[in-house]
Amino acid sequence: MSFLSSVLPIYDTYVSSLSPKDQSLWTATKRLLSYHSIPSPLLRQDNSWARSDEEKAEVFHSHISSIFQPFPDTDPVHTSQVYEFLDSPLPLGLPPRSFTPSEVSFIISRLPNRKSPGYDLITAPILKHFPRRALVFLTYIGNPS
Numbered sequence: 140m141s142f143l144s145s146v147l148p149i150y151d152t153y154v155s156s157l158s159p160k161d162q163s164l165w166t167a168t169k170r171l172l173s174y175h176s177i178p179s180p181l182l183r184q185d186n187s188w189a190r191s192d193e194e195k196a197e198v199f200h201s202h203i204s205s206i207f208q209p210f211p212d213t214d215p216v217h218t219s220q221v222y223e224f225l226d227s228p229l230p231l232g233l234p235p236r237s238f239t240p241s242e243v244s245f246i247i248s249r250l251p252n253r254k255s256p257g258y259d260l261i262t263a264p265i266l267k268h269f270p271r272r273a274l275v276f277l278t279y280i281g282n283p284s
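Add 139 to the 1-based position in the sequence shown for the numbering used here, that's all there is to it.
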């Protein structure tokens, strides 16, 4: 008994059970007409097909590594200058200036009331009603150590 002769009666009963009233006909049609992409095997350099994922990864790796090669070093003096600059320590700058609770209060007083809150969901009217102690804590958080 062949595979086709065993599957054909099952398919026949499935097709006869389809009906436009319960949407089964339309779902079967949609499933048959939908595009199913099958990943194709990749061709290796020796003209054999890479079928498994590992083989495809190796073929892709060899292809990308053969295409993307760094440019030859044409000016070694310039390259050494670039490396020296990148290896040099960064210049130290002055530390940021500390701010006072009155400056924090001034900034908060200038916030627009009708703007939507940020990610923390704190609106401007809530900030404007902060007590002095909360402003001092905000100053401690924001100032550098």
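Fair warning: there could be bad hints in the mix.
Stated by the list, open to error - The calculated label-pair distances, taken between Cβ atoms and stated as ranges, are:
hint : residue 1 : residue 2 : range
1    : F269      : F199      : 25 to 35 Å
2    : P211      : F142      : 21 to 31 Å
3    : V154      : S204      : 49 to 59 Å
4    : S141      : L171      : 21 to 31 Å
Unchecked claim - Straight line, CA to CA, 20 Å or less: simulated DMTMM-like cross-link-like pairs of lysine to aspartate or glutamate:
hint : residue 1 : residue 2
5    : K267      : D226
6    : K169      : D151
7    : K169      : D185
It is worth saying that the hints were derived from the structure and are not from the lab.
Even glycine gets a Cβ: it sits at the ideal position worked out from N, Cα and C.
Going through the hints against the structure:
no. : hint                      : verdict
1   : F269 <-> F199: 25 to 35 Å : violated, 57 Å
2   : P211 <-> F142: 21 to 31 Å : violated, 60 Å
3   : V154 <-> S204: 49 to 59 Å : holds, 51 Å
4   : S141 <-> L171: 21 to 31 Å : holds, 23 Å
5   : K267 <-> D226             : violated, 48 Å
6   : K169 <-> D151             : holds, 19 Å
7   : K169 <-> D185             : violated, 41 Å
Of the numbered hints listed earlier, those contradicted by the structure are 1, 2, 5, 7.
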